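2 protein chains.
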Amino acid sequence: MASNHQYSVLFEPVRIGPVTARNRFYQVPHCSGLGHLRPQAEAEMRRIKAEGGWAVVSNQETEIHPTSDLSPFAEHRLWDERDIPALRLMTDKVHGEGALAAIEIAHSGHHAPNLSSRAPVLAPSDRAIDNLYPKQARAMDKADIREFRRWHRAAAGRARAAGFDIIYVYAGHGLTLPQHFLLPETNDRTDEYGGSLENRVRLIRELLEETIDEVGHDCAVAFRFAVDEMRGADGMQAAEEGRAVVELLAELPDLWDVNVSDWANDSATTRFQPQDGYQTPYIEFVKQVTSKPVVAVGRLSSPDMMVSMVNRGIVDFIGAARPSIADPFLPRKIQEGRIDEIRECIGCNVCVASDNLGIPIRCTQNPTMGEEWRRGWHPERIAAKGDASETLVIGAGPAGLECALQLARRGYQVTLAEATETLGGRVLRESRLPGLAAWRRVADNRVYELQQLGNVQIYTDSRLTAQEVGELGIGNIFVATGASWRADGVGRTSRNPLKEHTPSVIMTPDAIMDGNLPIGGPVLIYDDDQAYLAGVLAEYLARKDYSVDFVTPAGIVSPWMENTLEQSLIQRRLIELGVRIHTSRELTAITGESAVIACVYSGQTVAVACRTIVPVTERLRRHGLFDQLVALKDTAGTAIKTVELIGDAAAPGLIADAVFAGHMAARNFETAPELAAASWFRREMPGLNESSSSSERKQST
Amino acid sequence: MASNHQYSVLFEPVRIGPVTARNRFYQVPHCSGLGHLRPQAEAEMRRIKAEGGWAVVSNQETEIHPTSDLSPFAEHRLWDERDIPALRLMTDKVHGEGALAAIEIAHSGHHAPNLSSRAPVLAPSDRAIDNLYPKQARAMDKADIREFRRWHRAAAGRARAAGFDIIYVYAGHGLTLPQHFLLPETNDRTDEYGGSLENRVRLIRELLEETIDEVGHDCAVAFRFAVDEMRGADGMQAAEEGRAVVELLAELPDLWDVNVSDWANDSATTRFQPQDGYQTPYIEFVKQVTSKPVVAVGRLSSPDMMVSMVNRGIVDFIGAARPSIADPFLPRKIQEGRIDEIRECIGCNVCVASDNLGIPIRCTQNPTMGEEWRRGWHPERIAAKGDASETLVIGAGPAGLECALQLARRGYQVTLAEATETLGGRVLRESRLPGLAAWRRVADNRVYELQQLGNVQIYTDSRLTAQEVGELGIGNIFVATGASWRADGVGRTSRNPLKEHTPSVIMTPDAIMDGNLPIGGPVLIYDDDQAYLAGVLAEYLARKDYSVDFVTPAGIVSPWMENTLEQSLIQRRLIELGVRIHTSRELTAITGESAVIACVYSGQTVAVACRTIVPVTERLRRHGLFDQLVALKDTAGTAIKTVELIGDAAAPGLIADAVFAGHMAARNFETAPELAAASWFRREMPGLNESSSSSERKQST
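Chains as they are written, first to last, in the numbering used here: chain A, 1 to 701; chain B, 1 to 701.
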């Protein structure tokens, strides 16, 4: 149906060496936190993307040897032939949906701490490893380099045996040995692998040639390369050596997968890089240098931008990691002209955080991400409704919106009642803070979808009492009334409530998000939440010219945001805005016009002058209405059959957690309880029968 | 043979409810980083302890439900019946060695972030979880408590089915729901589970009663209880509520396993708690209150202290976690009168760090720990020698000592040549620094063992040239020449060498450990290593009345030491000693009488006056002799057949890594290369065939 519509260029097949992609949608390699620990979950997650229309579905960085052991993180593994069956699960499923399967075999050099294998850590030059564990990598000698090349070639062979169509050589993100050889900062060798660019490129060239030699008849060989480190003259630059590398290797790989380095730059959040397509200025030269197909990324969710990038000769493939996570059906929606239905990535990096935490991937926009195998959730399909007909969802924040949408899709009659004048709850409130505008897409997408459905009635400005709910006569009620930030400073570090002493005033984050401003400065923000909100509020108030002190028991600002790759950017921004930062300090008292903060190690206190104190510590669940409805349910004559508390009202968390909770409530509604319960228990477990090959290996003692 | 020797009281059998322990040696539950991800490795590690004479071998905290999900950490799991076979591996092996198997079933409450399961987090009261992930636990309602009790009872039943003899109720370390209910700080309930001590104990009582009801005919029910939080009046105290709890429940459990809380207090390092048996003052009251057997811990390695504790009526069982890791054969060595052969725990908490890193357990003293299954290593047995006869080990640091010892045990003629006057290398040097005296045991144990063997010749003060080595005519050489700390400041944060500018002087950590002192203060210690050494040197110099500035790019002092549970103690101690701490600062230049340090976020610089700068950044491998020997090996007429570089000279790391490398070199010498290589690849992998029970669970979509 799409062959001649405005996006038809995106659906042309493209040849990549010996294989052909059915269209231009290319899911580049991305981590998932599933990997070798959860291969069935990984395979099903990738299958869904192939079903959603991607022409190429890649896996993630795949360790090729015990000297590249990223434990405890769950990337993929292809150490030996025993890993083939787990990877075959994915290739079979991806092929079954008509897509090509790509594998990013990788050696992580000194980024691999080898904490489980305890193998030597390898690098071009002696140096500390890229991990706090106090050990060092050793400079590879010639024998090491030969061994590494042999491992890489053998892994390519195993990758082909596992059914992959495209096999990577990977020099990106600052994370792999080939790139470590390429960059002068990590390579001070004086032999033929160090010094001149040609010498530093030598290893990459050898890997490409040997991979082609090993599998090139059957598989395409892709080269993933970071053209720019975004460090100016301190690092590789696209206009300098970045371009020179492409020139040196132009026709060697079958495909160029180009991006910027390091990972934080490649996976920039909307907060710090709001522009979709932000990598284009760096990579647009590549197609001028090579005749081979080029894929690039940069949060490409807009079909118009995609068409333009192809037509302007910038790329052959639309690369995507995060947009394919937020909407695995993005290609198919474009093909079918359902542009408004695309669930756009909000660029929050909760997906990245999952990988950094060593846990299964999740997504704020797509609550089914990572749950395809475990819970059998599909991003576009949901079971038809059961016996009940009418449902009421109270509260139109992220949990309520998602719950209402999925209930409606199941075919229930849905009434959505929101106390305020707008739909979106905390999503709207937070999206008005600096840098978080894109988060609004969580609400926009769901409100749009709800509006398309005939079985949904939405009421704003409708704060309901339990009695009013009872009078509606609706049997099944979902309460998503959210949570409020505490005003008393109680949180992780202290369970002792602060006492307010005028003229200092405590102001909650909610009051600020409601649009109020402190009556006076200096403002002291106390962050015992240690995630994003306090840092964003500090930025907001500093930009409004308040004098701001930021106090946190942590050693750095917003430590949890290391997981989203934003921590250093946040702390730098606050410093630039003149915020005074007090780390390793606990807020212990308020005394008139100052706050008392104490060193978390020594207890030593100092007073910080302030007029307004904003504690960002914990939230209080708003469950009063729920409690009343539960009581009402048990009274005679009521129509109420079920009442469920969901989202922040049940357990405050990330927006991603609220969306997930809303989704789950809708999925599980009228599902047999034992089925719903069982999904919590489903997991992949070690096989207990050692393979015979490893039995033979057992060293005699 | 031991029935009437001076330690015979330790080998009396003791009844625990329906089961009987063969002696008084009791390996209390401890984490291993193996657990549910590596059950075969876990089982074999525990079997070795049973073989070593422990009467009771416990596993580790065992999650009973998806609401107690500690992912990505690898504790054990007993969520449902599918977990039984993995645990059965351990009980079969432990029983095969004549020991009892104990299981610590646990619910971690708000300490379990449930990051993989995504289940609600449960706690007595609403609160942030004990993890930076920004989400909260919800206060359990009565239905939640009933459900939890049901899960616990069911888990006890599954534990019995898995073959365990002793089943725990666990309220310790600040880590579990029963203890969270017990402590007022985490329980502000107003129902019958909150308020009075009797109310706060209620849940524990119910769990004990229900566990006894479920399995008490067949299994002993142990109660692990932290009698004191070591926070003075801010927490539970042994003399107050701690004792009251024991009085309330005195005869209910079959065994009292008592310790102090939190984990850092229970597993105190020798650096901060040098006294073996340090828990005795807290737990000695327990046996006065209950007639049931009591087990306690506190780094109990001295047989005389053990006998005294039994004879004085303090304990019935000698509990051990770390001493059983350092020497799994401790009971047997005592029984056989081989006291001098005990490999005493040095209290460094590298074992604890492994668990905190989510990787398999390791031990500085016992390099076979965690390698029993994977590499088939036994702590007391090693394969006999191969064809070669003479070996030379150059360097008597931790790698050289261990390599020489194991080569000698295999039957090789061993010559050990040490350049300095003492044996121990960095172990001796570091053990002279404040708090690290116990680390010396790593050298002492090995030197003692070497001295017992007839096939070892040890030469000190013997710095050899390559030519001299060649003239020895020994065919097989192991070079363990160690590493030196860099003087130029190059490390993780910067690859640009510092330039020295008099009158400021750069002094290396080695110079200080050699016994030199700075010619003048202030002394600036620059810590880009971020592990223990810089903090210890700061303490050393501050105690010698130097004025000390501590500069680190990290946000806290010694961040890696969070893994050993020491970080906050280190930072507090430096503050108490008057050390000025500059965090998030990089050392960028030296200019005459000051150092320039720059904010790692903003780049903003300040000058810090100093006369001496001690950079603790990276080490340089001393491999010159090795390189010469490799060259010599290839010349005509040499007797040299093999030369291997080991320990810090090959790859600087922890002392534990050096010992491991020395051990491996000795094990692998004359082992078939394919066997030695294969041990790197051995691992436990997910089974790919989903069990039928979970297939049935798949939700229809």
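Be a bit skeptical, because a hint or two may be false.
Since the list gives no way to pick out one identical chain from another, each pair is judged satisfied if it fits inside one copy or across any two copies.
What the hints assert, rightly or not - Below are the DSSO-like pairs computed for lysine-lysine, each with C-alpha atoms no more than 30 Å apart in a straight line:
1. K142 - K633
2. K287 - K142
3. K333 - K385
4. K641 - K385
5. K641 - K142
6. K544 - K385
7. K385 - K633
8. K333 - K287
9. K499 - K544
I should point out that these hints are in silico values taken from the structure, not numbers from a laboratory.
All figures in this text were calculated on a predicted structure; none of them were measured in a lab.
Going through the hints against the structure:
For a Cα distance limit of 30 Å, the shortest separation of K142 from K633 across copies, 18 Å, qualifies, whereas the shortest one inside one copy, 76 Å, does not. For a Cα distance limit of 30 Å, the shortest separation of K287 from K142 qualifies neither inside one copy, at 34 Å, nor across copies, at 65 Å. In this homomeric assembly, K333 and K385 come within 30 Å of each other (Cα to Cα) only inside a single copy, at 24 Å, whereas the closest approach across copies is 68 Å. In this homomeric assembly, K641 and K385 come within 30 Å of each other (Cα to Cα) only inside a single copy, at 16 Å, whereas the closest approach across copies is 76 Å.
Taking CA atoms no more than 30 Å apart as the test, K641 paired with K142 passes between copies only; the shortest distance there is 20 Å, against 73 Å inside one copy. With identical chains, the CA atoms of K544 and K385 are never at most 30 Å apart, being 50 Å at best within one copy and 76 Å at best between copies. Proximity of K385 to K633 under the C-alpha cut-off of 30 Å is restricted to the intra-copy arrangement: shortest distance 22 Å within a copy versus 78 Å between copies. In this assembly of identical chains, the alpha carbons of K333 and K287 lie at most 30 Å apart only when taken from the same copy (28 Å versus 71 Å across copies).
Taking the shortest alpha-carbon separations for K499 and K544, only the intra-copy value of 27 Å comes in at or below 30 Å, while the best inter-copy value is 44 Å.
Hint check: violations occur at hints 2 and 6; the rest are consistent with the structure.
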